[in-house]
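*Asks:* As a plain string of letters, each chain reads:
6 protein chains.
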Amino acid sequence: MNKVEEFNAYREKMNERIKSADNKVLKRFFSLDNQAYQSGALDEKTKELLGLIASMVLRCDDCISYHLGTVHKLGATTEEIFEVFSIANLVGGSICIPHTRRAVEFWDELNDPPTAD
Amino acid sequence: MNKVEEFNAYREKMNERIKSADNKVLKRFFSLDNQAYQSGALDEKTKELLGLIASMVLRCDDCISYHLGTVHKLGATTEEIFEVFSIANLVGGSICIPHTRRAVEFWDELNDPPTAD
Amino acid sequence: MNKVEEFNAYREKMNERIKSADNKVLKRFFSLDNQAYQSGALDEKTKELLGLIASMVLRCDDCISYHLGTVHKLGATTEEIFEVFSIANLVGGSICIPHTRRAVEFWDELNDPPTAD
Amino acid sequence: MNKVEEFNAYREKMNERIKSADNKVLKRFFSLDNQAYQSGALDEKTKELLGLIASMVLRCDDCISYHLGTVHKLGATTEEIFEVFSIANLVGGSICIPHTRRAVEFWDELNDPPTAD
Amino acid sequence: MNKVEEFNAYREKMNERIKSADNKVLKRFFSLDNQAYQSGALDEKTKELLGLIASMVLRCDDCISYHLGTVHKLGATTEEIFEVFSIANLVGGSICIPHTRRAVEFWDELNDPPTAD
Amino acid sequence: MNKVEEFNAYREKMNERIKSADNKVLKRFFSLDNQAYQSGALDEKTKELLGLIASMVLRCDDCISYHLGTVHKLGATTEEIFEVFSIANLVGGSICIPHTRRAVEFWDELNDPPTAD
Chain Z
1 MNKVEEFNAY REKMNERIKS ADNKVLKRFF SLDNQAYQSG ALDEKTKELL GLIASMVLRC
61 DDCISYHLGT VHKLGATTEE IFEVFSIANL VGGSICIPHT RRAVEFWDEL NDPPTAD
Chain D
1 MNKVEEFNAY REKMNERIKS ADNKVLKRFF SLDNQAYQSG ALDEKTKELL GLIASMVLRC
61 DDCISYHLGT VHKLGATTEE IFEVFSIANL VGGSICIPHT RRAVEFWDEL NDPPTAD
Chain C
1 MNKVEEFNAY REKMNERIKS ADNKVLKRFF SLDNQAYQSG ALDEKTKELL GLIASMVLRC
61 DDCISYHLGT VHKLGATTEE IFEVFSIANL VGGSICIPHT RRAVEFWDEL NDPPTAD
Chain W
1 MNKVEEFNAY REKMNERIKS ADNKVLKRFF SLDNQAYQSG ALDEKTKELL GLIASMVLRC
61 DDCISYHLGT VHKLGATTEE IFEVFSIANL VGGSICIPHT RRAVEFWDEL NDPPTAD
Chain L
1 MNKVEEFNAY REKMNERIKS ADNKVLKRFF SLDNQAYQSG ALDEKTKELL GLIASMVLRC
61 DDCISYHLGT VHKLGATTEE IFEVFSIANL VGGSICIPHT RRAVEFWDEL NDPPTAD
Chain Y
1 MNKVEEFNAY REKMNERIKS ADNKVLKRFF SLDNQAYQSG ALDEKTKELL GLIASMVLRC
61 DDCISYHLGT VHKLGATTEE IFEVFSIANL VGGSICIPHT RRAVEFWDEL NDPPTAD
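Residue numbers (my numbering), protein chains in the order written: chain Z, 1 to 117; chain D, 1 to 117; chain C, 1 to 117; chain W, 1 to 117; chain L, 1 to 117; chain Y, 1 to 117.
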């Protein structure tokens with residue numbers, strides 16, 4: 001499995017496990033988290049970019065990977081992604097650089113999946 | 001002075017003071033901070049909304065006020081602003097609520113400035 | 001108005017304003033936030049103490065004030081509150097000290113409201 | 001070694017290394033950190049749950065693992081743990097979700113240690 | 001009272017109040033916090049500058065004020081202080097700017113106390 | 001490759017990749033980040049120690065590794081490094097302990113590189 005597949009597989013497996021625990025607050029929170037990115041006054045891509053930058057300044061690699069996956073599906077370009085990263089680094093500082101490195105690696109894999117691993 | 005005027009006046013006064021210290025790194029950082037929001041692959045309004053949500057999840061009231069001021073000038077609607085706030089609260093959690101309260105108060109004043117203080 | 005009354009009044013006023021905006025995600029998030037502290041496997045007081053320490057290590061003064069108000073109603077003692085503060089300072093570091101100062105001032109006012117201000 | 005054993009072994013080895021450096025402030029800090037969780041006005045389990053939620057909202061995986069280990073020994077139930085996680089996610093936001101995933105995996109291993117790895 | 005006097009007075013009053021609560025962990029933590037800045041392999045001024053930048057990237061205004069007061073007594077120059085601020089802003093990002101504004105105001109008052117208020 | 005070599009190799013590879021994207025803001029930010037640590041009113045070693053503690057309280061392992069590498073070249077002693085760590089832990093709290101463990105491991109490898117891996 002490459003990094004993208006590995007991330008998705010672990011995320012899915014553990015989200016299922018968490019839902020199976022039947023904690024109502026957590027389940028509603030997960031569901032609300034999906035709802036927040038649905039198209040409204042702002043379109044879905046813009047909202048996912050908002051989720052992406054929020055994840056980067058809060059330095060959550062897995063959250064960054066998730067939003068990179070969704071904006072990739074929604075057709076975001078590499079140039080747009082780097083503009084998001086540049087604002088994130090300005091606002092959040094050089095501590096965002098290591099997360100930017102990993103994010104770019106993940107983004108490149110989304111665009112050009114390694115054939116074997 | 002109302003809250004918006006007070007914020008702008010203090011910000012301007014102290015930014016001038018900081019620039020007068022002639023620290024090159026800080027001056028270049030301030031200038032780069034402006035450059036980051038200029039229109040590119042993403043338009044200026046989208047970039048300012050990215051700055052707004054980054055400021056909110058990092059819980060910087062003054063940064064929120066600043067970006068509210070710029071997106072207000074760029075024609076953002078109240079509905080759009082609340083969608084940014086909703087994603088910020090989901091990603092950053094309920095600790096963003098007090099900042100949302102102050103942000104909404106500032107936003108309302110931008111849209112309907114109090115006539116006297 | 002003393003600090004406790006001032007906090008409650010502003011919080012209530014702005015929460016109403018936010019709800020009036022009719023953003024579904026924010027409204028559900030606010031409602032879920034209340035639900036999370038309801039008695040379950042852990043009792044309400046323990047849950048509010050969990051909310052208190054989370055607020056302190058995340059350094060959200062208003063969140064601290066809110067949870068101090070609720071645990072005060074639920075009969076928490078000053079000794080218990082200081083034990084929460086001591087763990088918060090150990091885990092979150094000396095940057096929690098200024099928040100502890102303000103929290104203790106708020107707690108003292110909850111226990112012994114000033115008669116005039 | 002499974003994840004629990006691996007975590008404990010590395011933690012112990014490096015804590016010994018740090019203590020061997022003979023920095024008095026660090027040694028006293030480590031010792032104070034233990035003292036903070038001793039039974040007082042609040043019992044030990046409650047204090048460890050406070051440490052757990054503080055670790056989760058501050059998003060420190062190793063701190064979460066440590067407190068999961070101690071509350072496991074103190075008899076906390078899975079239902080209680082998930083209630084802590086649900087408050088953590090509400091207060092700290094969706095950036096806590098990836099930490100929740102890893103925490104649940106660690107908790108499950110504490111309850112049902114893999115026989116081989 | 002000017003800002004420096006106000007800060008010192010409140011800090012002292014509430015620290016006394018906290019110590020009066022007789023929570024051993026908090027008292028030892030406060031004492032350890034003082035000990036950490038005593039001259040050792042690194043001199044006192046360097047250690048206080050370390051405390052200053054740590055406070056700024058963690059965005060704790062009161063902690064910044066405290067360390068500005070101590071480095072002022074230890075003879076730090078304005079040029080040195082601005083170099084600390086410049087690194088803080090690079091590492092911690094533009095969310096440090098509002099804290100830098102308030103820090104510079106406090107620093108200027110330390111160097112040139114207002115005669116009346 | 002040992003940990004130090006692995007860190008340096010990945011960092012260099014991805015920094016090159018990021019620069020190749022030709023985002024001007026990010027490139028200038030990277031360049032400014034280098035400039036901030038150049039000798040001025042404060043010498044280079046002091047500035048790198050400031051970068052080190054800022055990285056530790058912000059809990060960025062890769063940033064810590066980077067600054068450990070530079071202060072190692074600049075002749076910092078183990079005793080000095082531990083004094084930086086002790087202040088970091090006091091200011092930033094016990095959530096810095098796991099980062100301290102990894103930092104000490106990296107520091108030891110800088111001083112005594114494993115011959116094979």
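Derived from the structure by calculation, the hints contain no laboratory data. There could be a bad hint or two in this list.
Repeated chains share a single entry, so a pair holds when one copy, or any two copies, can fit it.
As a list, the in silico SDA-like pairs of lysine to any residue whose alpha-carbon atoms are at most 25 Å apart [unchecked claim]:
hint, residue 1, residue 2
1, K27, T115
2, K73, A21
3, K3, T78
4, K13, K24
5, K24, P114
Just so it is clear, the structure is predicted and the values come from calculations on it, not from any experiment.
*Asks:* At 25 Å max between alpha carbons, let me know whether K3 reaches T78 within a copy, between copies, both or neither.
*Replies:* This pair counts as within: shortest intra-copy Cα distance 18 Å, inter-copy 31 Å.
*Asks:* Quick one: K24 to P114, C-alpha cut-off 25 Å, is that within a copy, between copies, both, or neither?
*Replies:* For K24 and P114, neither the intra-copy (39 Å) nor the inter-copy (29 Å) Cα distance is at most 25 Å.
*Asks:* Reference check for the pair K27 and T115, CA-CA at most 25 Å: within, between, both, or neither?
*Replies:* Classified as neither: same-chain Cα gap 36 Å, cross-chain 31 Å, threshold 25 Å.
*Asks:* Pop the pair K13 and K24 into one bin, within, between, both or neither, using alpha-carbon distances up to 25 Å.
*Replies:* This pair counts as within: shortest intra-copy Cα distance 19 Å, inter-copy 29 Å.
*Asks:* Classify it for me, K73 with A21: is the Cα-Cα distance of at most 25 Å met within a copy, between copies, both or neither?
*Replies:* between (30 Å within a copy, 21 Å between copies)
The earlier numbered hints that this structure contradicts are 1, 5.
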